[in-house]
Amino acid sequence: MVCPCSLGRPGVKENLVKRPGLVLAATVTALVLALGVAACGDDDDDGGGGGGEAGQLDLTIGNLVPLTGDLAPYGPAGQKAGELAVKEIDAAIKQAGVDQTVELATEDGASDDQGGVQAARKLIADGATCISGDYASTATVAVARSVTVPEGVLLISPASTADALSDLDDDGLFTRTAPPDGLQGRALADRMEQELGGLKGKTINIGARNDLYGTGFADSLEVELEERGATVAEKVIYDPEQPSYNAEATQITSGNPDNFVIIDFPETFAKLGPALVRTGNWEASKTFITDGLSSTELPEEAGGEATEGMLGTAPGAFAGDAPDAFDQLYKQAPGPARNLFDSTTFDDVILCYLAAVAAGSSDGAEMADAIVDVTGPPGPKYTFEQLPQAIEALEKGEDIDYEGVSGPIDWDENGDLSRYIYNISEFKGGKLVKVDTVEVTAE
Amino acid sequence: MEASTAQAESTPGELFREFARERPAAVAFGVIALIVLALVAARGLHDVAQASLNGLTLGVIYALGAVGLTLVYGILRLVNFAHGDFLTFGAYMAYLVNVTWGMPLAAGIFFAMATTALLGLFFERTMWRPMRAKGAGFLQLILMSIGLAFVIRSAIQWFWGSEIRTLDVDVTDSVTFLGLRIGQTELLVVLVGLAVLVATGLIVRFSLLGKRMRALSDDLDLAETAGIDTRRVILYTWLFAGALAGLAGVLSGALTNLRPELGFELLLPIFAAVILGGIGNPFGALTAGLVLGVVIELSTLVVEPRWKVTFGFVALIVALVIRPQGIFGRARAV
Numbered sequence: 000m001v002c003p004c005s006l007g008r009p010g011v012k013e014n015l016v017k018r019p020g021l022v023l024a025a026t027v028t029a030l031v032l033a034l035g036v037a038a039c040g041d042d043d044d045d046g047g048g049g050g051g052e053a054g055q056l057d058l059t060i061g062n063l064v065p066l067t068g069d070l071a072p073y074g075p076a077g078q079k080a081g082e083l084a085v086k087e088i089d090a091a092i093k094q095a096g097v098d099q100t101v102e103l104a105t106e107d108g109a110s111d112d113q114g115g116v117q118a119a120r121k122l123i124a125d126g127a128t129c130i131s132g133d134y135a136s137t138a139t140v141a142v143a144r145s146v147t148v149p150e151g152v153l154l155i156s157p158a159s160t161a162d163a164l165s166d167l168d169d170d171g172l173f174t175r176t177a178p179p180d181g182l183q184g185r186a187l188a189d190r191m192e193q194e195l196g197g198l199k200g201k202t203i204n205i206g207a208r209n210d211l212y213g214t215g216f217a218d219s220l221e222v223e224l225e226e227r228g229a230t231v232a233e234k235v236i237y238d239p240e241q242p243s244y245n246a247e248a249t250q251i252t253s254g255n256p257d258n259f260v261i262i263d264f265p266e267t268f269a270k271l272g273p274a275l276v277r278t279g280n281w282e283a284s285k286t287f288i289t290d291g292l293s294s295t296e297l298p299e300e301a302g303g304e305a306t307e308g309m310l311g312t313a314p315g316a317f318a319g320d321a322p323d324a325f326d327q328l329y330k331q332a333p334g335p336a337r338n339l340f341d342s343t344t345f346d347d348v349i350l351c352y353l354a355a356v357a358a359g360s361s362d363g364a365e366m367a368d369a370i371v372d373v374t375g376p377p378g379p380k381y382t383f384e385q386l387p388q389a390i391e392a393l394e395k396g397e398d399i400d401y402e403g404v405s406g407p408i409d410w411d412e413n414g415d416l417s418r419y420i421y422n423i424s425e426f427k428g429g430k431l432v433k434v435d436t437v438e439v440t441a442e
Numbered sequence: 000m001e002a003s004t005a006q007a008e009s010t011p012g013e014l015f016r017e018f019a020r021e022r023p024a025a026v027a028f029g030v031i032a033l034i035v036l037a038l039v040a041a042r043g044l045h046d047v048a049q050a051s052l053n054g055l056t057l058g059v060i061y062a063l064g065a066v067g068l069t070l071v072y073g074i075l076r077l078v079n080f081a082h083g084d085f086l087t088f089g090a091y092m093a094y095l096v097n098v099t100w101g102m103p104l105a106a107g108i109f110f111a112m113a114t115t116a117l118l119g120l121f122f123e124r125t126m127w128r129p130m131r132a133k134g135a136g137f138l139q140l141i142l143m144s145i146g147l148a149f150v151i152r153s154a155i156q157w158f159w160g161s162e163i164r165t166l167d168v169d170v171t172d173s174v175t176f177l178g179l180r181i182g183q184t185e186l187l188v189v190l191v192g193l194a195v196l197v198a199t200g201l202i203v204r205f206s207l208l209g210k211r212m213r214a215l216s217d218d219l220d221l222a223e224t225a226g227i228d229t230r231r232v233i234l235y236t237w238l239f240a241g242a243l244a245g246l247a248g249v250l251s252g253a254l255t256n257l258r259p260e261l262g263f264e265l266l267l268p269i270f271a272a273v274i275l276g277g278i279g280n281p282f283g284a285l286t287a288g289l290v291l292g293v294v295i296e297l298s299t300l301v302v303e304p305r306w307k308v309t310f311g312f313v314a315l316i317v318a319l320v321i322r323p324q325g326i327f328g329r330a331r332a333v
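Protein chains in written order, with numbering that gives the first Met the number 0: chain A, 0 to 442; chain B, 0 to 333.
What the hints contain is simulated information worked out from the structure, not anything from laboratory work.
Treat the hints with caution; some may be incorrect.
[Stated by the list, open to error] Restraint-style ranges between C-beta atoms, simulated for each label pair: (1) A:Asn413 x B:Val313: 36 to 42 Å; (2) B:Phe149 x A:Gly171: 24 to 30 Å; (3) A:Thr436 x B:Phe176: 45 to 51 Å; (4) B:Gln156 x A:Lys121: 16 to 22 Å; (5) B:Glu13 x A:Asp257: 57 to 63 Å; (6) A:Asp166 x B:Val313: 31 to 37 Å; (7) A:Val222 x B:Val313: 31 to 37 Å; (8) B:Thr99 x A:Gly196: 45 to 51 Å; (9) A:Pro333 x B:Asp169: 34 to 40 Å; (10) A:Val434 x B:Thr99: 35 to 41 Å; (11) A:Asn413 x B:Leu177: 25 to 31 Å; (12) A:Lys121 x B:His45: 50 to 56 Å; (13) B:Phe149 x A:Ser165: 33 to 39 Å.
[Unchecked claim] A few chain B residues facing chain A, derived, Cβ under 10 Å: (14) Leu57; (15) Ile60; (16) Glu162; (17) Val170; (18) Gln183; (19) Thr184; (20) Gly292; (21) Leu300.
[Claimed, not checked] Output of the computed footprint for chain A on chain B, the stretches with three or more beta carbons under 8 Å from beta carbons of chain A: (22) 43 to 56; (23) 253 to 259; (24) 303 to 314.
Note that this is a predicted model, so its numbers are computed, not measured.
Ideal placement from N, C-alpha and C gives every residue a C-beta, glycine not left out.
Work out the full structure, taking the sequences as your base and the hints as a guide.
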């Protein structure tokens, strides 16, 4: 009698008994590689282009947001902002009485490179020729390099702030409404100088996640801090996907520095924060953070002791009628509460549309040519509330200057914002409270 | 016979090689001890002890995960890629009890162990046994287990979403002992983990069930001929592996937090422990898990933390190149 469990085993067993370690190691490696490669598979879909006669326009805008993964806390607000923007566009089209249809497709980029690339491919397959996204800088680089630039699709990132994106080889097909980290680094260093009564002679330890955002920001901030006379004693770059962060925490707190800067995303900090508290040499109130951690949910995720008193910068909103009107519009609609990148995502979608109207085409490259003129001077200023008038002006061939809900949005030659406003916020009583607003200009 | 004649005239080098072949574990520990001594000399006893303690917390989880995985492989020749997601499942079961129902963590741990054990049993009855009966090959089973991994993870995401969740434990308070700091929860994890690992070792070594498991792992057909009820032992193996995975999941969740990728991120080091320990050898997996955790953390004394995992795997590769069957694998297997 043979037990059913032994069926199919003998042949396999013979090989395995000799070198079980190697066989298993090889199998695991092969599978991991296979899964990775499968996700990078190429496809040669042509983006749905097609402009048409003057006035007529058929545009699909893609909204690539992180609904899962590290940046999941920000995604739902971005999705809602995108939907609101298209609603505004539809209403404006009706009011202006033009022959245009605009559709929105939303995809989850899962906060990582592969997820972003897959989502972008899907959006393009759905006909999108202008995409708002991705959020994480590394993912945006991947999406631009391997999907949107080769496919001739215009990509506008609402959240990727890494300095490295300024030098992207993009044929003009990439731009962003998120300010580069260099600007934020300057704002943060200014604020630290002010908070600490001068940075001369201060020792500061920096902890940063090991990705484009973390390392890029840490580098530019280090320069800014040292220019102001501070010493960066430890710059600890850590892997964001570890089950334990004790060693990292010990290193970040080593040498008893005056202050700390943590550059991270909420999911990792939820693990690192408690480990920092456990070292006994760290205080949240001596710690400065960046936009990545300026999430209203952080105290809940990482614990009050790991967040109370942390002060940091995050891209802010320019004051004015457009931001206020957006705030109202957003809060009246059902769905998730406001979060960091909702206003920029909203602007991205509107800009996609305005660029298409100005270009008279939904072709990515033609929109890319038109978009800088649409949002920069010269021309009279229009906000999203004057969208019907803006459409009419563009149809007449006039120049407009779109004023976004996230700011004036004027770009330099790299497609980077040349000035920006930062909110200074602090965790107080388990809440993220805005304490100040500063404006920074690029040199 | 040959060995004894050779011994008479062999040089010290050959003697050492002979010793190394017979007792690889002793040599491995010797090497690690030397490295630790060097580190103590360079960085001081305190730093090394602290890093080792940190590593032990990590190692306990690797070890708990690896024992179950290696038992299943040893007995069923099944590389269970879903094992990592068993950990995740356990963590969320504890969340259900500990947070949703507001009961103590201990209750959550038992519930997680019980439900994850049942989960293992469930898949054995619905997937693995029928597949074996149909004579499925090594690769088919692997692919099925990968598929299963995604199914479990997606199901967890469906019910609990992808946001970060935490168990109701104190993650910030720490205890100081002989100048070493360890978080309260970490201490609990190390104590519970080590206790269960010792119990596991004893069960596998001395109990009748453990002996039967090892008999099946050595040669399933032979075990069956010897009158062992293999089907029953297989079921017990799944219960055992599931319960340990559930525990590892809860402990990992208690240390940091819960997310659907929790177990998947742990799967690679757990595999490493299985391979390093000699595939199918529960004692090996147990020890290798602990060693791997400590080595990874000790490496942060030398290299930047971001390279610590890489360092752990470099150590694994070197160990495997020297000894392909793993440190605790049997010499005769090669």
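Hints broken by the structure, by number, lowest first?
2, 11
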